[in-house]
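Asker: Position 119, counted from 1, in the sequence shown is what our numbering calls 119; the numbers after and before it change by one each time, with no gaps.
Hints in this document: simulated from the structure, not taken from any laboratory.
There could be a bad hint or two in this list.
[Unchecked claim] Just the calculated beta-carbon pair ranges, DEER-fashion:
hint, residue 1, residue 2, range
1, Pro-105, Tyr-195, 18 to 28 Å
2, Ala-196, Cys-112, 18 to 28 Å
3, Leu-34, Leu-202, 19 to 29 Å
4, Cys-112, Gly-179, 46 to 56 Å
5, Thr-11, Val-31, 35 to 45 Å
6, Ile-96, Pro-18, 39 to 49 Å
For clarity, every value in this text was computed on a predicted model and none was experimentally measured.
Backbone N, C-alpha and C fix where the C-beta goes; we use that ideal spot for every residue, glycine too.
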Amino acid sequence: MTAAARATRITSAVAARPRLWWAVTLGFPAVYHLMMFAALVARFQAWPNYAVTYDWLGNVTEIIRATPSLSDMGAIIAQEWLFEVGRMNYDYGNGISEWSLHINPAKVLIICLLGGLVATLTTLVAARRAQCSSARLGGAGAAGGLGAALVGMTNVTLAWVVCCATPNWVVGLAILGLGVSSSLWLEQFGWWIEYAGFVLLLASLYLLSGDPKTAETAHQTAIPQSAMGAPR
């Protein structure tokens with residue numbers, strides 16, 4: 001099956017259920033950040049006591065003006081925050097942030113892209129339910145779910161003072177119980193894990209957009225008509 005035919009099948013599935021696609025695409029980033037917030041509150045058994053909004057647009061403008069290298073410019077902009085909420089401990093002078101959640105526009109864009117892919121997979125599963133076998137549907141769903149989990153995990157923007165208060169995806173692993181040293185060691189593999197997640201999502205779309213053989217076709221392939229003898 002050609003790539004154009006697969007793309008047409010995917011777009012047709014999305015067009016057939018536009019409300020579902022938009023609901024998942026727009027709802028996914030909101031649910032994702034709410035889950036991070038809930039995980040912090042549940043882990044530390046305390047509500048945040050501060051929130052800060054940053055001049056993201058002004059900071060980006062200054063970075064563009066003051067940074068001659070385009071590659072450096074993009075890397076710096078990707079680290080800029082828009083919003084921060086967390087808990088401050090005032091036992092140490094002016095206070096120190098014990099834990100926090102950061103809203104990073106660059107990360108938000110990736111999560112929005114992830115939401116769009118998950119929405120596309122959801123509509124494709126709904127459209128192909130009658131044509132695909134349960135094994136194919138289950139395999140594609142599992143691959144897509146694992147891919148979404150990997151991408152989501154590597155774009156966490158949590159900070160914890162135990163991990164040097166640096167917002168990073170490995171902080172989420174440490175908060176969930178993985179050793180701090182092990183979590184920080186995994187940081188170097190972040191890009192590879194994220195890419196693997198996107199590959200799994202795209203592979204699941206490729207698998208479901210194909211033209212699987214029907215049970216009758218597969219049966220005829222396994223037992224040729226010539227082997228069944230002439231009709232009586």
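Asker: So, for every hint listed, does it hold in this structure?
Answerer: Taking the hints in turn, this is what the structure says about them:
As the Cβ distance of Pro-105 to Tyr-195 is approximately 21 Å, the hint placing it in 18 to 28 Å holds. Evaluation of the 18 to 28 Å hint for Ala-196 and Cys-112 yields a pass: the beta carbon distance comes to about 20 Å. For Leu-34 paired with Leu-202, a C-beta distance near 27 Å keeps the hint of 19 to 29 Å intact. The hinted range of 46 to 56 Å is not satisfied by Cys-112 and Gly-179, whose Cβ atoms lie roughly 32 Å apart.
Hint check: Thr-11 to Val-31, Cβ distance near 25 Å, so the stated range 35 to 45 Å is violated. Between Ile-96 and Pro-18 the CB atoms are about 48 Å apart, so this pair conforms to the stated range of 39 to 49 Å.
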